[in-house]
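Given next are the chains, with one letter for each unit.
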Amino acid sequence: MTLHLKMDEPVDRDRLEDMVQGVIGEPIDRPEGELKVTGRAPYAMEQLPENCHHGVLVRSTISKGRLADLDKTTIEALPGIRLVVTDRRLLRNPAQGMAGEAPVQETDNIHFFGQPVALVVAETFEQARHGAQRIVQQLQADTKVVVNPDDPEAEIETPRKKQASTGDLDKAMREAAFTVDQHYTTPGHVSAAMEPHASLASWDGDSLTLHGSYQMLRFNRAELADALGIDEDKVRILAPYVGGGFGSKLGIAPEAVAAAIASKELGVPVAVAMTRQNVFEMVLRRSETSQRIRLAADKEGRLIGIGHEALVSNLPDESFSEPVTQATPFLYRGENRLIGHRIARIHRTPAGSVRAPGEAVGLTALEIALDELAEVSGIDPVELRLRNIPEEDPSQGIPFSSHTLAEALTTGAERFGWESRDPKPGTVREGEWMIGLGMASAARVNMLIESKARVTLTSEGRAVVETDMTDIGTGTYAVLSQLAAEMLGLPMTEVETRLGDTGLPPASGSGGSFGAASNGTAVFLACEEIRRQICEKLTCEPDDLTLKDGHAIVGNRRVPLAEMLDGAELSAEGHTEPGDAEDKVRQATYGSYFAEVAVNAVTGETRVRRMLGVFAAGRILNAKTARSQCLGGMTFGIGMALTEELLHDKRDGHIVNRDFAEYHLPVNADVPQIDIVLLEERDRWANPLQAKGIGELGICGAAAAVVNAVHNATGVRVRDLPATLDKVIGGL
Amino acid sequence: MRPFDYARAASSADAARLAREGATFIAGGTNLLDLMKLEVMTPSRLVDVSRLDLAEIEATDAGGIRIGAMVRNSDLAADEGVRRNYPVLSRALLAGASGQLRNKATTGGNLLQRTRCYYFYDTAMPCNKREPGSGCRAIGGVNRLHAIFGTSEHCIATHPSDMAVAMRSLDAEVEIENAEGRTRRIDLGAFYRLPGDTPHIETVLEPGDLITAVVLPPPGGDRQTYRKVRDRASYAFALVSVAGVMALKNGRIAHASLAFGGVAPQPWRDEEVEHLLQGEEPSLPLFQRAADALLADASPQEGNAFKAPRLKRTLVAVLSELCGVKA
Numbered sequence: 042m043t044l045h046l047k048m049d050e051p052v053d054r055d056r057l058e059d060m061v062q063g064v065i066g067e068p069i070d071r072p073e074g075e076l077k078v079t080g081r082a083p084y085a086m087e088q089l090p091e092n093c094h095h096g097v098l099v100r101s102t103i104s105k106g107r108l109a110d111l112d113k114t115t116i117e118a119l120p121g122i123r124l125v126v127t128d129r130r131l132l133r134n135p136a137q138g139m140a141g142e143a144p145v146q147e148t149d150n151i152h153f154f155g156q157p158v159a160l161v162v163a164e165t166f167e168q169a170r171h172g173a174q175r176i177v178q179q180l181q182a183d184t185k186v187v188v189n190p191d192d193p194e195a196e197i198e199t200p201r202k203k204q205a206s207t208g209d210l211d212k213a214m215r216e217a218a219f220t221v222d223q224h225y226t227t228p229g230h231v232s233a234a235m236e237p238h239a240s241l242a243s244w245d246g247d248s249l250t251l252h253g254s255y256q257m258l259r260f261n262r263a264e265l266a267d268a269l270g271i272d273e274d275k276v277r278i279l280a281p282y283v284g285g286g287f288g289s290k291l292g293i294a295p296e297a298v299a300a301a302i303a304s305k306e307l308g309v310p311v312a313v314a315m316t317r318q319n320v321f322e323m324v325l326r327r328s329e330t331s332q333r334i335r336l337a338a339d340k341e342g343r344l345i346g347i348g349h350e351a352l353v354s355n356l357p358d359e360s361f362s363e364p365v366t367q368a369t370p371f372l373y374r375g376e377n378r379l380i381g382h383r384i385a386r387i388h389r390t391p392a393g394s395v396r397a398p399g400e401a402v403g404l405t406a407l408e409i410a411l412d413e414l415a416e417v418s419g420i421d422p423v424e425l426r427l428r429n430i431p432e433e434d435p436s437q438g439i440p441f442s443s444h445t446l447a448e449a450l451t452t453g454a455e456r457f458g459w460e461s462r463d464p465k466p467g468t469v470r471e472g473e474w475m476i477g478l479g480m481a482s483a484a485r486v487n488m489l490i491e492s493k494a495r496v497t498l499t500s501e502g503r504a505v506v507e508t509d510m511t512d513i514g515t516g517t518y519a520v521l522s523q524l525a526a527e528m529l530g531l532p533m534t535e536v537e538t539r540l541g542d543t544g545l546p547p548a549s550g551s552g553g554s555f556g557a558a559s560n561g562t563a564v565f566l567a568c569e570e571i572r573r574q575i576c577e578k579l580t581c582e583p584d585d586l587t588l589k590d591g592h593a594i595v596g597n598r599r600v601p602l603a604e605m606l607d608g609a610e611l612s613a614e615g616h617t618e619p620g621d622a623e624d625k626v627r628q629a630t631y632g633s634y635f636a637e638v639a640v641n642a643v644t645g646e647t648r649v650r651r652m653l654g655v656f657a658a659g660r661i662l663n664a665k666t667a668r669s670q671c672l673g674g675m676t677f678g679i680g681m682a683l684t685e686e687l688l689h690d691k692r693d694g695h696i697v698n699r700d701f702a703e704y705h706l707p708v709n710a711d712v713p714q715i716d717i718v719l720l721e722e723r724d725r726w727a728n729p730l731q732a733k734g735i736g737e738l739g740i741c742g743a744a745a746a747v748v749n750a751v752h753n754a755t756g757v758r759v760r761d762l763p764a765t766l767d768k769v770i771g772g773l
Numbered sequence: 194m195r196p197f198d199y200a201r202a203a204s205s206a207d208a209a210r211l212a213r214e215g216a217t218f219i220a221g222g223t224n225l226l227d228l229m230k231l232e233v234m235t236p237s238r239l240v241d242v243s244r245l246d247l248a249e250i251e252a253t254d255a256g257g258i259r260i261g262a263m264v265r266n267s268d269l270a271a272d273e274g275v276r277r278n279y280p281v282l283s284r285a286l287l288a289g290a291s292g293q294l295r296n297k298a299t300t301g302g303n304l305l306q307r308t309r310c311y312y313f314y315d316t317a318m319p320c321n322k323r324e325p326g327s328g329c330r331a332i333g334g335v336n337r338l339h340a341i342f343g344t345s346e347h348c349i350a351t352h353p354s355d356m357a358v359a360m361r362s363l364d365a366e367v368e369i370e371n372a373e374g375r376t377r378r379i380d381l382g383a384f385y386r387l388p389g390d391t392p393h394i395e396t397v398l399e400p401g402d403l404i405t406a407v408v409l410p411p412p413g414g415d416r417q418t419y420r421k422v423r424d425r426a427s428y429a430f431a432l433v434s435v436a437g438v439m440a441l442k443n444g445r446i447a448h449a450s451l452a453f454g455g456v457a458p459q460p461w462r463d464e465e466v467e468h469l470l471q472g473e474e475p476s477l478p479l480f481q482r483a484a485d486a487l488l489a490d491a492s493p494q495e496g497n498a499f500k501a502p503r504l505k506r507t508l509v510a511v512l513s514e515l516c517g518v519k520a
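Chain order of the listed sequences is A and B.
Residue 42 is where the first sequence starts when you use my numbering, and the numbers rise one by one after that.
Residue 194 is where the second sequence starts when you use my numbering, and the numbers rise one by one after that.
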């Protein structure tokens, strides 16, 4: 039996509130945590069969042109070499998120430096890597290639659907008491998942099994099947453990298709793991952005106009473009509003979803601009934001499903000791260090994605949750187990969650912060159906049934579940999909960030001293994993503010810093005490759990709090991120 | 990785013999292994010298110390005598790499680590250091990390070591045993060669030469510090760094030796700057003059022009700190 729910209307009844097991929301450890920290959770490359061969992708060494020939004879004699794959089905780059079909498949036309052009297969990884390094390519480079978004010859696309204008922004700017009109730039970012992309392919007749590291298996299966030209039902993908994704594993990637082709041809399993350098060059990056922001405010600081125009980049034929302005239509008031979006078509590693596409970089710029408005108007930055919270979505004229920005701002200001901040920059000094405080708002759109799950209550009275959902480090195993335990009245030890197998009911996948709420709803619905079946067995009404500690309680009867089941098992599927609710209300999550930084007056080095994040995302399903998500997001926020930057050579567009020594993610020493406060909230429009996505909220504006604190410390306004020491000291 | 032979040296003579036949030494391997995986370095034979009996720190008759080439960076940084008499060295070591890397990396290997130039690391790029005569792509490219002193039109790469910078400020000598078993000592300044038109030749080592120790004379001053400026708080190479060893006598500078990292193809030292300080009364204007003198010869690139003012301010701060002058 399947219980289905399309979210057309709010779900007013908070069913989880009726339950009594007491596990939902609790800071429960990950059930698979011990396996992971002891190295016993097998990731894609950790279960290689004996006869497995290894493939390494060959990179192009020009930015645009043709691969005229690949001279296989140059490596055939090297030890262990078994095959060089040059196949029309090889992928140029990974599929964009939720594409459900193969991305561009061509390896002889080169579109960017580092593009995969072939696969070298050998008996060992090192032999294959040596072959990939040594194989000789005959390349015909185009004489002219545009690799920089600010190249005057870059083709600039202005998609009509991504422009919006209401009122008259120019007039508002003229009539405003206070204005800001500035340009901000953010560099490209790499997802930087700890586990590089890796696939192990093996065939049984015409059926393919792929152990991979992917976020969205039902889409990945369709993409892989399409790329290979076979039926979806001939493909099974397994990804029970994924070492981080951050958007980079949304779509099927070149290594998976290459492994499948090689395995078919050689008749043995083939493993293809990308090197770290491959990941930097071949996996979708976050586009750099150039943003113009205009703010017009009246003399009380109330916004009457907002302009946000962004220039991003991608390859000419890639559909994705970084949705920089995603939160700008609804975050603040202002009747005159202009949204602009342009795409420079250039030949760099293509761009895709990385860590909260849109808000991560767009809200960061907007929140720096708000700080500039606070400065020119003399209004406290927290107060300025409080004055600009709209009563309804100002662009669409629809209500908010729930709105907690004001509470996040006031709670954060109080907890952080914001009132101690001197608004005059450069006033607090400790020896060489200049101290400053900064803050920013957080916001991220909330989504529900179609999702299915199956829950089985075994005859022993244990629950098994099954779905092709993934746990990319986010805590999926924990929260789905908690939901089933709560709904079915079981201790956590009596619930097993099985994930990451396309043989199981298709889920939303992990992405866009929607996984826990979407797939959690499917689990919830399946459990509701099982509860109904239990009621049938016990001939009682659903409202009269209590499930706790493995017992069904009705009136004064208390029956162990196993006894009630009497050798039978109960099974049900839950199925949720988005509906009209999306259009009736504006759903988003909100929060606030506060940061204290110290800037060294001699060197310009910035150290974050402490940071606070206050977030609301509806019901929190697990206080521990939710907090961890926020910590991770804010850590990436520190990186975005101070250190992270893809460096491209302007002459050919290639990424020069292709490893973690030179691409500067924050290290432990860069990350101070971070406090997280999760506000109590329910959102009845989101789903029956009344929970919203929290995975990305922690990065959406976090960098602005740090950069604004640098300004408070020094008086230097950095508008070109990251705020490396040369930029900070250059302004002093 | 290109296939290679591996042999473990039983003695330094054994190591030298193998090296003369074309083998490359490996000790901690913290840099060499990475470079071999990328095929930036493709030795056909490795000689493992990590088990040679060269891991002692001993006092010398001259009142200094002799640091065996196989002393691990962690052990050297933690050594009581080093911390007491050569704190600049301890600080420099701890400012480098990560705990895990320092546990593996050796004293001799640290001196011989290769540059972190992005173009050196990418075999698809021309690089005179990796492939003589192919050109320097860092010039006109991304060169934020690169040198402002001692460069040539053929190479602008920096030497990435922190340890070597401190050693240079301590007048270190490198003890080398050659293939014939003869030992010689070379001042660390003379040990490294400037790139000129042969940037692939980085030191004066000859085939078969094995670094056996680094010898430090007694410290020239008890006022010592190492200051490193970098893009993140740990695990980042120096944008600029200053090692300072000073002594004051009767209110005047009796000794000043200064070395600079992140700015040159070798740990950089400028005798003129030290001479300028010698015998003078410490003061901010004096330090400014010293910094101006140091930077007079700088020739930055487009991407690293910020290093010159950064180095100036850092030098003035270090001198102020060491001399107790309020900045």
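Source of the hints: derived by calculation from the structure; they are not laboratory data.
Ideal Cβ placement from N, Cα and C applies to all residues, glycine included.
Among these hints, one or two may not hold up.
[What the hints assert, rightly or not] Residues of chain B placed beyond 10 angstroms of chain A at every Cβ, according to the derived structure:
id : residue
1  : GLU232
2  : GLN306
3  : GLY328
4  : GLY334
5  : LEU387
6  : ARG503
[What the hints assert, rightly or not] Restricting the straight-line Cα-Cα distance to at most 25 angstroms, the calculated cross-link-like pairs of lysine-lysine (PhoX-like) are:
id : chain 1 : residue 1 : chain 2 : residue 2
7  : B       : LYS230    : A       : LYS113
8  : A       : LYS768    : A       : LYS77
9  : A       : LYS589    : A       : LYS625
10 : A       : LYS768    : B       : LYS505
11 : A       : LYS691    : A       : LYS768
12 : A       : LYS691    : A       : LYS185
Cross-check of the supplied hints:
With a cut of 10 angstroms on Cβ distances, B:GLU232 falls inside the contact zone with chain A, its closest approach being about 5 angstroms. The Cβ of B:GLN306 lies farther than 10 angstroms from every Cβ of chain A, with a closest approach of about 12 angstroms, so its non-interface assignment holds. Every beta carbon of chain A lies more than 10 angstroms from that of B:GLY328, the smallest distance being close to 12 angstroms; the non-interface claim holds. The claim that B:GLY334 is not at the interface with chain A is violated, since a C-beta of that chain comes within 10 angstroms of its own (minimum 5 angstroms).
Non-interface call for B:LEU387 relative to chain A: holds, since the shortest CB-CB distance, roughly 24 angstroms, exceeds 10 angstroms. A beta-carbon of chain A comes within 10 angstroms of the beta-carbon of B:ARG503; the shortest separation is about 7 angstroms. At roughly 21 angstroms between alpha-carbon atoms, B:LYS230 and A:LYS113 fall within 25 angstroms of each other, so this suggested pair holds. Between the alpha carbons of A:LYS768 and A:LYS77 the distance comes to roughly 41 angstroms, so the proposed pair goes past 25 angstroms and is violated.
Restraint check: the Cα-Cα separation between A:LYS589 and A:LYS625 comes to about 37 angstroms, which exceeds 25 angstroms; the hinted pair is violated. Of the supplied pair hints, the one linking A:LYS768 and B:LYS505 holds, its CA atoms being roughly 16 angstroms apart against a limit of 25 angstroms. Proposed proximity of A:LYS691 and A:LYS768 is supported: the alpha carbons are some 20 angstroms apart, at most 25 angstroms. At roughly 13 angstroms between alpha-carbon atoms, A:LYS691 and A:LYS185 fall within 25 angstroms of each other, so this suggested pair holds.
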